[in-house]
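Engineer: One letter stands for each residue in the lines below.
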Amino acid sequence: MLSAETVNQALIISLEGELDLHTAPPFKQCIDSHLAKNMALKDLILRMDKIKFIDSSGLGVILGRYKLIEQRGGKLVFVACNPQVQRILKLSGMQKIAYFTDSVKEALSL
Amino acid sequence: MDVKNWVRLEFPSESVNVLFARTAVAVFASQLDLTLEEIEDIKVAVSEAVSNCVIHAYRDTSGSILVECKYTTAELEITVEDFGCGIPDIVQASEAGYTTIPEERMGLGLVFMHELMDHLNIASEVSKGTRVVMTKKIPQSRG
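So the sequence lines, in the order shown, correspond to chains Z and U.
Last residue of the first sequence? That's 106 in the working numbering, and every number before it is there in order.
Last residue of the second sequence? That's 953 in the working numbering, and every number before it is there in order.
Here chain U stands alone, though its shape is the one from the complex (with noise of 0.2 Å):
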C-alpha cells in the first residue's frame, strides 16, 4: 500500500527528549483521524519505546535514537531504533513485571507497547542494538 506521508528524527538518548518524541510523532498522527484516545495510546506507546532507549540500551553512555513514522490509508507505523547493548531474551523482556531495575521501575513498557498498539514486532541484537517497530490501524469507517 501507498506510503502518504512519513518523518524521521534522530536525536541523543537524553530524557528530556522522551517528550520531545512522543510529543512531535502525535503532531505528525494528528494529520490522520484519529480519536483523541488513539493519539494518546500512541503518545504513551512511543513515550515507553523511547524511554527504554534512554534507560536499558544506551544505560550508562549516550547514544542515537531513530523514530521513523509513516502512514497509508490503513495504518500508521512507528520504529524506534537504537544502537545500544541489545536485548538477550526478548521473550522474558516481554513478560509483565519484568524489570532489570526493580527498585523504580514495573516492567510494564512493553506491555503497554502491546495493549496500546495494534501491532509490536521487537528486534534486537546483543550490542548491535533494539528496533521496535509499532503499528496503529486507521479505522476505515470514520471516512
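Pulled out of the complex, with its shape left as it was, chain Z reads as follows (with noise of 0.2 Å):
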C-alpha cells in the first residue's frame, strides 16, 4: 500500500487506498524513517492517483510530515490527486502550504 523513493533531494511516497486514523501511522512511519536516515532529504512528493480516500487523520500526519520538511527548507508537493481527494485538501487549507501537480515530473522541478 506503500512504496517510496528518492529523487536526489525529494522523498516520492507512493500511496494506495484509503488514508483515515487506521492506516496513517505507518504512512508516518515510513515517511519518518526515511527521514531520519537520510538528512539530505527535503521536499516530500505524495503521490495520490491511488488514494481513493482521506479524512483529517490523514491530513494530520501529513501536516506533522511538513513540518518537519519545512524545518529543512522543503516542500510538500500532491501529485495526481481525484476531484474527491482534492477537495478534502483544499477544504483543509492544505493549498495554502503545498504544490499540487499533475505528474512527478513537475514534482521534481518545481
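Note that these hints are calculated values from the structure, not bench results.
Some hints here could point you the wrong way.
[Stated by the list, open to error] Restraint-style ranges between C-beta atoms, simulated for each label pair:
1) U:Thr845 <-> Z:Gly13: 15 to 25 Å
2) U:Glu885 <-> Z:Gly13: 23 to 33 Å
3) U:Gln841 <-> Z:Arg83: 20 to 30 Å
The C-beta atom is built at its ideal place from N, Cα and C for all residues, glycine as well.
Assemble the dimeric complex from its two separately framed chains, guided by the hints.
Structural biologist: Below, the structure written as C-alpha cells:
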C-alpha cells in the first residue's frame, strides 16, 4: 500500500487505498524513517493517484510531516489527486502550504 | 415525515472499524438519489465522527460505538453515539484548529462535519458520552 523512492533531495511516496485513523500510522512511520535516515532529504512528494479516500486523520499526519520538511527548507507536493481527495485537501487549507501537480516530473521541477 | 428505511450498527472502538462504518453508511446512503460527491461528503463526515469516538471518547480505553442511519424522502440522518468521556466545552471543540492532540491532528474533524453535511448537532455530557446527529438533504429536483 506504500512505496518510497528518493530522487536527489526529494522523497517520493506512492500511496494506495484509504488514508484514515487506521492506515495513517504506517504511512507516518515510513516517511519518518526515511527522513531520519537521510538528512539530505528536503522535499516530500506524495503520489495520490491511487488514494481513494482521505480524512482529517490522514491530513494530520501529512501536516506533521510537512512541519519536519519545512525545517529543512523543503516543499510538500501532492501529485495527481482525484477530484474528491483534492476537494478535502483544499477544504483543509492544504493549498496554502503545499503544491499540487499532475506528474512527479512536474513536482521535481518546482 | 415517514421514515422510509433505517439501519443500526454497533461495534467496538477499534480504528479498523472507521473504514467499516463509513463504507456501511455509504452503502446504505446509495439507496438514495445522491451524487458521488454527496456520498463522499457523507463518508468523510462519518469517518470524522467515528474517529473522534476512537481517539477522544475512549482515548486509552475501549467501548461501544453506535451508528444509526435513517431517511425520509427529504433527508438522510446519521447518528454517531459513544458512551465515553464526553466533551467539556463543545463550542471550543468546534473551533477550527482546536485539538487536544496538536502534534498529529489538525483540529478539523468537527469543521469537516459542519462543512460537508447540511446540519450538525452535538450533545455531550462529561463521563456519559457524546451523540452527534448529522443530516444531509436529499435534493428533490432529481426526483
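Engineer: Are any of the numbered hints broken by this structure? If so, which, sorted upward?
Structural biologist: No hint contradicted; all consistent.
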